[in-house]
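With these hints in hand, go ahead and build the complete structure from the sequences.
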Amino acid sequence: MSLARDFRDFGRSFTVQRRVLYALILREMQARFGRSNIGPLWALVEPLLLVGVFTLGYLALGRRSPPQGMEFLPFLATGIIIYLSLRNIAGRMTSAVESNRGLLLYPQVTPFDLMAARLLLEGATFITVFVVIVGGGVLLGFASPPADPLMLLLTLFVVVLLGAGVGTLQAALTMNFPWVDHFMRPFWRLMLWTSGVFFTLKQLPMSAQDILVWNPVLHVIELMRAAYFAQVEPYRVSYGYVAWWVLGSAFLGLLFERMFRDRRKEK
Amino acid sequence: MIRLEGVTKYYRTTHGRHYVLRDINEDIPTDRNVGILGRNGAGKSTLLRIIARAEAPNRGRVRSTVRLSWPMGFGGGFQGSMSGIDNIRFISRIYGVDWREAVAFVQDFSELGNYMRMPVYTYSSGMRARLATGMSLFVRFECYLVDELPGVGDSRFKRRFAAAFQELRRRATLILVSHNESSIRKTCETVFLLNEGKLQRYDDVEEALRLYREL
Numbered sequence: 000m001s002l003a004r005d006f007r008d009f010g011r012s013f014t015v016q017r018r019v020l021y022a023l024i025l026r027e028m029q030a031r032f033g034r035s036n037i038g039p040l041w042a043l044v045e046p047l048l049l050v051g052v053f054t055l056g057y058l059a060l061g062r063r064s065p066p067q068g069m070e071f072l073p074f075l076a077t078g079i080i081i082y083l084s085l086r087n088i089a090g091r092m093t094s095a096v097e098s099n100r101g102l103l104l105y106p107q108v109t110p111f112d113l114m115a116a117r118l119l120l121e122g123a124t125f126i127t128v129f130v131v132i133v134g135g136g137v138l139l140g141f142a143s144p145p146a147d148p149l150m151l152l153l154t155l156f157v158v159v160l161l162g163a164g165v166g167t168l169q170a171a172l173t174m175n176f177p178w179v180d181h182f183m184r185p186f187w188r189l190m191l192w193t194s195g196v197f198f199t200l201k202q203l204p205m206s207a208q209d210i211l212v213w214n215p216v217l218h219v220i221e222l223m224r225a226a227y228f229a230q231v232e233p234y235r236v237s238y239g240y241v242a243w244w245v246l247g248s249a250f251l252g253l254l255f256e257r258m259f260r261d262r263r264k265e266k
Numbered sequence: 000m001i002r003l004e005g006v007t008k009y010y011r012t013t014h015g016r017h018y019v020l021r022d023i024n025e026d027i028p029t030d031r032n033v034g035i036l037g038r039n040g041a042g043k044s045t046l047l048r049i050i051a052r053a054e055a056p057n058r059g060r061v062r063s064t065v066r067l068s069w070p071m072g073f074g075g076g077f078q079g080s081m082s083g084i085d086n087i088r089f090i091s092r093i094y095g096v097d098w099r100e101a102v103a104f105v106q107d108f109s110e111l112g113n114y115m116r117m118p119v120y121t122y123s124s125g126m127r128a129r130l131a132t133g134m135s136l137f138v139r140f141e142c143y144l145v146d147e148l149p150g151v152g153d154s155r156f157k158r159r160f161a162a163a164f165q166e167l168r169r170r171a172t173l174i175l176v177s178h179n180e181s182s183i184r185k186t187c188e189t190v191f192l193l194n195e196g197k198l199q200r201y202d203d204v205e206e207a208l209r210l211y212r213e214l
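Sequence lines, in order, name chains L and B. In case it helps, numbering that gives the first Met the number 0 puts the first sequence at residues 0 to 266. In case it helps, numbering that gives the first Met the number 0 puts the second sequence at residues 0 to 214.
Using C-beta positions, here's what the derived DEER-type ranges look like: (1) Asp22(B) <-> Thr14(L): 28 to 36 Å; (2) Gly239(L) <-> Asn39(B): 56 to 64 Å; (3) Asp97(B) <-> Ala3(L): 25 to 33 Å; (4) Leu254(L) <-> Thr7(B): 21 to 29 Å; (5) Arg34(L) <-> Asp203(B): 51 to 59 Å; (6) Tyr238(L) <-> Arg139(B): 46 to 54 Å.
Far from chain B, by Cβ distances over 10 Å, these chain L residues were calculated: (7) Ser12; (8) Leu47; (9) Leu49; (10) Glu70; (11) Leu72; (12) Leu152; (13) Trp178; (14) Val179; (15) Trp192; (16) Thr199; (17) Ser206; (18) Gln208; (19) Leu211; (20) Glu256.
None of these hints come from the bench; they were simulated from the model. A virtual CB, placed ideally from N, CA and C, is assigned to each residue, including glycine.
If you want it as C-alpha cells, here you go:
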C-alpha cells in the first residue's frame, strides 16, 4: 500500500524533525545561557534595566502616570518587553544560519531547523520574561493583576507569531542581500520610537496616528495593554491586521528564500 | 546502492554559470569500496556532499538504499566553542542514539582524555579527526563518505584507526575521495573518474588510475 508507506515515511520524517529541533534547542540554550543555573537570569537583566530606567525617566519628567489610568509597570513592561523580544527573535533568526553553518553538514539539519530552533527558544524566553517581570510586579504590589489573563496569554503567542513572520522575512532578505543588514540596526532603533512603547496611539494627533497605525508592532503592544487593563479598549488596532502581517511576512520570507536559493553563495 | 538521477550542480560566477556536475545519471554501488578521482577543483568534494545530502543539487535527485554517514574530512561538523562531549551529545541526539554510550565509546576510541571536556577549538586537527572518526564509528552507518583518508594522528592512533578500519570493512563500505593513488589502490574496487562535470565508472582500478594520470 503506497498510502501506508507514505504515512510511515511521514512518521519517520516527523521523528527526525523532532529529534533535530530538540537537539538544536538544547544546544542553543547552552550557547545562550551557559551551563550555570543562574544563566537564564541574564535574559531578565536587559528588560528589567530598561523598565527601571524609563520608569525613573517618567517620574523625573513629572509625568505622574501613563494615559487612561494605566499603571507604570504593566504599561512600560508590555511596550519594552514586546519590542525587545521582537527585535531579538528577528535578529537571532537572521544570524541562525551564519552562526551554525557547520551543522548544515548533517543532512537532517536544514537552515529552516536552525531558524525554527531559535524562534522556539526566543519565543519561550519572551513569554517567561514577561510572566516573571509582570507577575513579580503584581506579587510585589507594583501592579494589579491583568483584567483578562487568557487574552493576555493569547496575545503573547500572537507576538511570537509576529516574530516568526518578521524574523523569516528579515533572515531571507539579509541572506540574499547582505547590505540589508546595515539597515536593520537603524530600522529597529526607529521601531523603538514608533511602536507605542512609551505612548498610546490615542495620545497622538490624527495625522501621526494615520502613519503609525500601519506598524504591526504598535498593534500587538496596544492589544496587549487592552488585554491587561479593563478600562482600555483596542483603539484602531486589531488581531486581524496582525494576522495579515504574520502571513504576509512569512510568505514573502519563504518566497525570497526559494527564489534566490540558487543565486546565493553556497556554504 | 546510491542512485544519481540527472544531478546537476553549478555555481554562479561573474562570467556565467560554472558547471561542476552536468546531468549525472549513475548508480554508485554500496556493496564494495568506491573511490572518486578527479583533479583539484573537479568537484569531487561537492559530489560527496551532494551524495551525503549536505548540499542540494541545482537539478536532479539522489536516492539511497543504505544509511549514509555525513561527509567526513577536515574535522568539520563540530561547534568549536563547545566541548567534545557536548558535540557528541548533539550528534547522538540528531541520529537518535544514546549519548551516554556514545561518549563512553568515543572517549575510549579517541583517547582524548580530559580534552573531551574542553572546547573543540582547542583541539589539533588530528584530535578533531579522532573525535569525528570515533563518533561516526559509533553511529554504525552502512556507507561512510570520506573526503581524503585521515593520515593525521600519531602512530599509536594510526594503528588504532587501521584496526577500526579493518573491523569497519566487515560491516560497512566506503566512498572515498582522494588524490592519493596508493590509498585508492589499497581500498577501492571500483573507481569513478570525475572530469568536466561528467562521471565515468571503471571497475578496473588500474585503468582508472592510468587515465587519471593522463588528465
